[in-house]
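Asker: Each chain, written out:
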Amino acid sequence: MDWLSELLRRLWMLTRRRRFDADLEEEMRLHVELRQQDQIQAGVTPQDARYAASRRFGNTTLLMEKSHMAWGWEWLESFLQDTAYGGRAMLRSPALTIVALLSLALGIGANTAIFGLLDAVMLRTLPVKDPAQLILLGKGNASGITDDFARTQLYSYPFYRQMQGENQVFSDTAAIFSMTNGVHGYVGGRTESEPMNVQLVSGTYFSTLGVRTVVGRTLNDADDNSEGDHPVAVISYAWWKRSLARDPNVLNRTLKLGATTYNIVGVAPPEFFGTKVGEAPDMWVPLSMVKAVPPNFGGYKDNFSESLLIMGRLKPGVSIDEASSNVNLLFRQILLGFPDAKLSQENLQKLNKTKVPLTPMATGLSSLRRQFSEPLQILMAVVALVLLIACANIANLLLARSTARSRELAVRQALGARRTRIIRQLLTESLLLALVGGVFGVALASVANRLLLRMVSGGLDPIPLDVSIDTRLLLFTLAVTFATALIFGAVPAFRATRLQLTDTLKAGRSPQGASGKNALAKALVISQVALSLVLMVGAGLFLRSLVNLNNVDTGFNKENVLRLNIDSSSAGYTAGEPRDLALFQQIEERVSALPNVKAASFSAFTFHEGTWDSGVVVPGMKIDEHIDVNHNVVGTGYLATMQIPLLAGRNFSPSDTSTSQRIVIISEHTAKTLFPRDNPIGRHYNLGPDNKPEDDVTVIGVVKDVKLDDLAEEPVNLDYMPYTQRPWDFGDFEVRYTGDFAPVAAAVQRTVHSIDRNLPITRVTTLDEQVARSFTDQRVVAQLSAFFGLLAVFLSCIGIYGVMSYVVTRRTNEIGIRMALGAGRPKMLWMVLREILILVSIGVVIGVPVTLAGDRVVSNMLFGLKPTDPVTLVSATVILLIVAAIAGYLPARRASLVDPMVALRYE
Amino acid sequence: MHRDEIPPGTLYLLILKTLARVGEMHGYEIADSIQRISDDVLQVEEGSLYPALQRMLIKGWVKAKWGTTAGNRRARYYQLTALGRKQLETELSQFERVIAAITRVIQTA
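Residue numbers (this note's numbering), protein chains in the order written: chain Z, 1 to 907; chain C, 1001 to 1109.
Just chain C, same shape as in the assembly:
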C-alpha cells in the first residue's frame, strides 16, 4: 500500500480537526483516526504526534487529563480548549488559502 507523508506543518491542523470532530481522544486514537479517515493515505510517523502534542499543550490549544481506555488501561486524553478552536479556524483558513492558490497555479497550466 502506498502511503504519503503528510505535508509539513499540517500535523497541528490534523490533530486539531480530529479532536474537534470527536471531542476527547488519547494519542493512539488520534493517530489511528487520522489514518483511517484518510483511507490510510496520510501516514503520520506515529511517534512525532507526541512532541507536537507537547507543543500544543504549551500553546494552550489542548488540555489533557488521565483516564482509562476501553481495555482498562491508563491513557492520557486530549481535548480542545477555546484557544485551540480559534487556532483551528486560523489554520483552516490558512490551509484553504494555500490550497486554493496551489490549485489555481496548477489549473492555469
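If we strip away everything but chain Z, and leave its shape as in the complex, we get:
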C-alpha cells in the first residue's frame, strides 16, 4: 500500500500548500544564511559572503518551483490558475463572451437534441436481455393481414407454431401481431371507456426477450395454446401508473376489451416499451385471444392468415448464416406441408425464388426509423455544419482578441513563460468557454428535445420515445464540447504565441503578424460563407419541396373536410350485422342534416391510412393471372364528401343494398388497366383470388384518380364499394363542412353520442392536416434546415462584421493617408465593401461545388425539383451577398467617416 500512503501524503500537501511553501522558503533562507556566516568566519567580507552563498545555493525561485513540482500537483494548480484567469478574461470582454456562448449554446444544443432523437430512433438497443442475439424473420417493414402465398414479411399463427417447434437454431421463438389494436376498453368497475393500445403476442414473447415483470407474472406458452380461453393481460408500467395510479392490488383488477373480461397477471418493468421503437403498447395479450380483442381480427387457426412477425433468440454459437439456412429449409417444408396450400404453378415458382431474409433486431422494430432515419441524418449533418460555422466565428473572435492581448502574451513569454504553457492557458480558456456553452447547450437541448419530438409527431399525441438527457447523451455532448474547444481554440492559440517578441514589445502592434492574422481571419470567413451557402441551398431545396408537396393535386378536395374515428367494434358492434349498418346510416343521415354540413360518409380509408388490396381477375384473363387493385369501402355520400369527380356512369345510391347486384366504382387508372379497350361501365370482375361468385362485382362508374398513401405516388388501381354490400368495421368518418371547424366538430361529436353515447371518438382533425401529416418528415427537415440555414447566415454575418471592423481599425492610417491625398468618402466605403464582396464571392465559388456534391445526397428528400435546381442556388447566393453587404456596411461606413487628421495623428 505504498502508493496509497504516498497519495495520502500528496493530498495532505495539496491541502497545506501555503504552509508547505512557507516552510520551504524558511528552510532555504536558513541554509543561505548559515553558509554566509560560515564564509564570514572564514574571513570573507559580509557582502561577498552573501553573493558566494547565493551562488552556491543556486536559483531560489527555480528550486522552489522544482520542490513544488515534486508534489505532483502543478498540473492541477496551473489548470485552476488558467481557469480562474480564463474566467476573468471572459468577464473582461463580455460582448465577445456573450456572442461566443450564444452560438456555442445553439450549436451544441442543436447537436445534442438531434443526436438525442437520432439515438432514440436509430441507435439505442432494446432494454432486454442480450438484444444482439435477437433475430427477426423478414425485414420487419410490413404490417397488416395478407393471404398471399410465400410472404417473407408476415406469417400465420400455425406457421409460427411449426417454426417454433421444428427449428434447431433458436433457443426461444416468439410471434408479435404486426398491428397494435387500438381498443376502447373498460377498467373493471368503471363505466367510462378509455383508449388502450393492445399488443397481441405469443405466450413466449417475454421469455424470448428475457423480460421479467415487476409485479405478478409474464405471459407464458400455456396462455397461448388454445384459442379464446386465456383472457389474461400484462400491462405496461406507464399504463399501471397512468390509469391505475400504481395500485399495488393490481393483480386483482380486470379489464374489459370488447366482450371479454381479462385478468391482469403482471406489470412490465418501467423501461420496457415493447419491441417497436416509437410505439408503446399499454398491455400485452396472448395471441390466443386474437378474435376477442377488437377489432376482432382472428385467424388463429388459419394457415394462410398471415399477420405475425416472428423473432427468435439465437442459440449460443449459432451464426446468422446457419440460422438462415435452417429457417429457409423450414419455410419451404412448412408451407408445402399445409394441406390447404394452393400449389399453383405461379405459387411454386414464387416459393422457389423466395428467400427469407433474417434481420438482427437488437435495436427493435420501427416504422418510425424507416421514415426518419434519412431526415435525422440530414439534420445531424446540418447541425454539425452550424456548429462548425460557430467554431469558425469564435476562432475569429479569439484571433481578434489575441491581437489585442499580444502585448500581454509577449511580456509573459519574455519573462520566461514557456510557449506550451501559454498555449495550454489559451486552450484552457477555450475549453472553459466551450464547457459553459455546453452547459447552456444541454439546457437548451432538454427543451428542444421535446419540441423536436412534437414536430416529429406531426400534431398527434407525442410519439412515446425517451429523448430525455441521459448519460450517453451527456457523454456525446462532452465529446462534442471538447472537439469544439479544440477546433476553435487551437489555431488562435498557436497563432497568438508565435510572436516577433521584440516587434510586439516595441510597438504594441506588429504589421507583419497582423497581416498573417488577417489572412487567417479571412480564410475563416470564406469557409463560413461556403458552409452557409451549403446550408442555405439545402434549406431552399427543402422549403421548395415542401411548397411543391402542399400544391400536389390529391384528386380530392382536402379543404373543409372534418375527419374523425369512431370505434364501433369496441362499443360492441359487429361488422355486417343489421344493427351495425343501421348505426352507420343513422350517423350519416343525422350528421348530414346538421347546419353547415354539406355531406358526410364513412369510409375504410381516406389518405395515408394504409389500404386493403387483392389480386382481381377480369373475365377472359389467363388462369393464375391477376391484377393488384386497392379497395375502399365507403358510404353513399363518400364521393360527394371528398369531391372526387365522377367521369362516367353513376354514383352509389340508397337503392344499392346488401341484396341488390354487387357493384363497384373504379378509378380512371383502374379502368385503363382492367379494361384498356372497352367502356368499363357494365363490365364486371372478381375480387377474389378464389373466384368465388359472391366476389363478382359490376362496374357502375368511373371517377378521377386520387392519391392513396403518398403524395409522390403514381396513379394506383383503386375501386370503391358500398358498405351495404361489404361489411367493414369502420374507423373513418368524413364530414364536408362550411364555416368554422370547431363548432362543426363539436356538433358532429354531439350528434354521434346522441345516437350511442358509448361510441369512442378519436383523432378529430381535418383532412388537410391528415394529408400534411403524410410528409411530416419533409416538413421537419424543411423547417429545421431553414432555421439552421438562417442561423448559419447570421453567424457568418457576425464573422464578416467582426473581421471587417478589425480590418478597418488596422487600416485607419492607410485610409487617413488616402483621404488626405484626395480620395472621397464614397471611394473609401466602396473600398471596404469591395473587400467583403470579394471574400463572399470566393466563399460562394468554393461553396457551389461543395453544395452540388452535398445536395445530391439529399435528393431522396426532395419533391418536384432536382438537387441542382438553379433557382435555389442563385437565390441563396444573392441573399448571401446582400446579407453580407449589410453586415459589412457598418465597418465600411466607419472607414468612410475616418477623419484624416485624427488618423494620421494616431501614427
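In short, the hints are calculated from the structure, not lab data.
For clarity, every value in this text was computed on a predicted model and none was experimentally measured.
Keep in mind that a hint or two might mislead.
No more than 20 Å apart at the CA atoms, straight line, and that leaves these computed lysine to any residue pairs for SDA-like [as the list claims (entries may be wrong)]: (1) K1063/C x G72/Z; (2) K1065/C x L8/Z; (3) K1059/C x D2/Z.
Ranges of calculated distance between the beta carbons of each label pair, as one might list FRET restraints [what the hints assert, rightly or not]: (4) T1081/C x L415/Z: 36 to 42 Å; (5) L415/Z x Q1035/C: 31 to 37 Å; (6) I1106/C x I40/Z: 38 to 44 Å.
On the chain Z side, residues computed to face chain C include the following (Cβ under 8 Å) [said to hold, decoys possible]: (7) R9; (8) D23; (9) L24; (10) E26; (11) M28; (12) L30; (13) L34; (14) R35; (15) F57; (16) K66; (17) A70.
All residues carry an ideal CB built from backbone N, CA and C; glycine is no exception.
Since chain Z is already given, all that's left is putting chain C on it; use the hints.
Answerer: Coordinates of chain C only, in the frame set by chain Z:
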C-alpha cells in the same frame, strides 16, 4: 580547489547514507556533512538538496520535524524512516553493482 559534480542519481544515496550515519539533521548540515566527509570533492549544488528532500518526503523515505539549531534558529530536521532504511540498502547494493561493473571494465583494459 577542484570540485567534482556528484554523479547523477547518487544524491538520494548520499542523503540517505548521511542521515543513516548521524540520525537527525537539517538541510544545511546534510550539505555540509557531504562536502566535509568527501574532503570537499563532492560538490552538491546546495539548493538542489531541497527538491530532492521534498521527493524523499513524498516517497516516505524520510520524515521531518521542526526544531531549533545550536544558534537558536528554527530549522527543519530530517530523519530516516524504516522505508528509508530499506531504500538505502537497495540503493547501496545497486551502487556497488554498478561500481563493480565499471571497475571491471576499466581494469580489463
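Asker: All hints are to be evaluated individually against the structure, with a verdict given for each.
Answerer: Hints, one by one, checked against the model:
Proximity of K1063/C to G72/Z is assessed by CA-CA distance (about 18 Å); at most 20 Å being required, the pair is judged to hold. With a C-alpha separation of about 18 Å, the suggested pairing of K1065/C with L8/Z holds against the 20 Å cut-off. For a cut-off of 20 Å, the pair hint linking K1059/C to D2/Z stands: about 8 Å separates their Cα positions. One distance hint, 36 to 42 Å for the beta-carbon pair T1081/C and L415/Z, holds here, with the actual separation near 40 Å.
Taking 31 to 37 Å as the suggested C-beta distance range, the pair L415/Z and Q1035/C conforms, at roughly 34 Å. Between I1106/C and I40/Z the Cβ separation comes to about 43 Å, which falls inside the hinted range of 38 to 44 Å. Annotation: interface hint on R9/Z holds; nearest CB of chain C at approximately 6 Å, less than 8 Å. Taking 8 Å as the C-beta contact cut-off toward chain C, the hint placing D23/Z at the interface holds, the least distance being around 7 Å.
A least Cβ separation of about 7 Å between L24/Z and chain C falls short of the 8 Å threshold, and the interface hint therefore holds. The interface hint given for E26/Z holds, since its Cβ lies 7 Å from the closest Cβ of chain C, which is under the 8 Å cut-off. Residue-level restraint check for M28/Z holds (minimum Cβ-Cβ distance to chain C is 6 Å; threshold 8 Å). Here the hint on L30/Z is kept, as its CB sits about 6 Å from the closest CB of chain C, short of 8 Å.
Interface hint at L34/Z: satisfied, since its Cβ lies 5 Å from the closest Cβ of chain C, which is below the 8 Å cut-off. With a cut of 8 Å, the hint placing R35/Z at the interface with chain C holds, because the nearest CB-to-CB distance is about 7 Å. Interface hint status for F57/Z: upheld, as the beta-carbon distance to the closest one in chain C is roughly 4 Å, under 8 Å. Hint on K66/Z holds. Least Cβ distance to chain C is approximately 4 Å, under the 8 Å limit.
Proximity of A70/Z to chain C holds as hinted, the smallest CB-CB distance being about 4 Å (cut-off 8 Å).
Checked against the numbered hints above, the structure breaks none of them.
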